[in-house]
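*Asks:* Residues per chain are reported as follows:
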Amino acid sequence: MHDAIPRLQPDAPRCTDSMEELLNLYVDGELSFAQQPALFAHLAACAPCRRTLDSVLRFRRISRQEHLAVPPAVDDEFMKRLAERRHMSRGADREVARRPLWQARTPVSLRVAVAAAVLVFLTGLLLPLSQQPVQAARLVIGQQEQVELAAYRDADAVYVFYPGLTVEAAPDDEPALESL
Amino acid sequence: MFTDDKALIEAFQAGDEFAFVSLYNRHKNAVFGFCLKMLLDRALAQDVMQETFLRVYENRERLMSATSFRSWLFTIARNQCLNQLRRTRRHVVFDEQEEDALPVRLAEGPMAELEKSEQVELVTHFLGQLKPDYREVLILREYQNLSYDEIAAITRSTLSAVKSRLFKARRKLADYMEPLVQPAPQPVPAAEKPKG
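Line by line, the protein sequences give chains A and B.
So the first sequence is numbered by this note's numbering: it starts at 1 and just counts up by one.
So the second sequence is numbered by this note's numbering: it starts at 1001 and just counts up by one.
Hints listed in this document are in silico derivations from the structure and should not be mistaken for laboratory results.
Keep in mind the model is a prediction, meaning the values are calculated, not measured.
Idealized CB from N, CA, C, for every residue including glycine.
One should not assume that every hint holds.
Quick list of simulated restraints, FRET-style, between CB atoms [stated by the list, open to error]: (1) A:G29 <-> B:G1015: 38 to 44 Å; (2) B:R1026 <-> A:A113: 42 to 48 Å; (3) A:R90 <-> B:S1164: 26 to 32 Å; (4) B:A1007 <-> A:A116: 36 to 42 Å; (5) B:V1120 <-> A:R111: 50 to 56 Å; (6) B:D1004 <-> A:V108: 39 to 45 Å; (7) B:E1115 <-> A:A83: 37 to 43 Å.
Chain A regions said to be covered by chain B (calculated; three or more residues, Cβ under 8 Å) [unchecked claim]: (8) 49-56; (9) 114-124.
Which chain B residues face chain A? A few, computed with CB under 10 Å, are given here [unchecked claim]: (10) E1017; (11) L1040; (12) L1044; (13) R1087.
Could you put the whole structure together from the sequences, leaning on the hints where they help?
*Replies:* Okay, structure coming up:
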């Protein structure tokens, strides 16, 4: 009976991998009719392989007779969770809708993102070529200038311009000019 | 009335909430069964099953092809289960101590003499001995009856990798079950072919 066939030890030599593959393909209904005689001839002579086949088929039979059904209470719980999740997602949608335009985020596809990146890159390359060099405005800060008032003695008036400050003096207002 | 997944998914993507409930009712037991056998914990499996469908609801626009819904569903469920296993570290690695944990009552006689519920308990115990890598392919094949291609899509593996893992898982399973299985006296006749 059962003891007549020696138990296969885990480290015992096994049949060839190709035969094991045939056996598995047969179990899964994937073995062609042309390959079946070779497998059956092997099974007729190999007790461990017969036992493996028997174990696999028995496992399948037991696993498929077990009916696994979701209890009704779990359905109710799921519907509650779904309603909560839907409520949360609607709240999030409203929050997104209230955001100002500059904080708006829109998902875009990878192609659009790559095209935008390439466009920015090319614009960055071409833009400096299309513009004339800009002359920077001269800024004079803290510089002192000395004006020779003697050279302007015959003038009707002397105008001194500083940014934000204009001083006007008549030639006879010498004390005022000297104090400048 | 919707007759297939494709119509339900299209309606769901168009905003029909009843279509989603129909999808849930249609697939909940399969997803629950997968989660239960992966996690071996009923409460966790119920929670992960619910979370899987909530993610389907939230990510409906990401489902590009309605035909691959079942694969997509099991992919989400699988990822949730693996995350849960990582969190709880519940996956059991086979060793001698675990083998000893088998209830004596179940380990005593041949499997054929056990009650149906005891056989189920025993098989579930053996399933728990497998690594999650092996367990998932075995569950998807044996409990869910998915094809090699579908399992490859769900586990993000190649076809050959799926076959290799499935064959190794069966070999392990046969080793566990072998002492309790009556020897097969006769080889399988050539005309008979098991239904996949």
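*Asks:* Which of the stated hints cannot be reconciled with the structure, identified by number in ascending sequence?
*Replies:* Numbers 2, 3, 6, 9, 11, 12, 13, in rising order.
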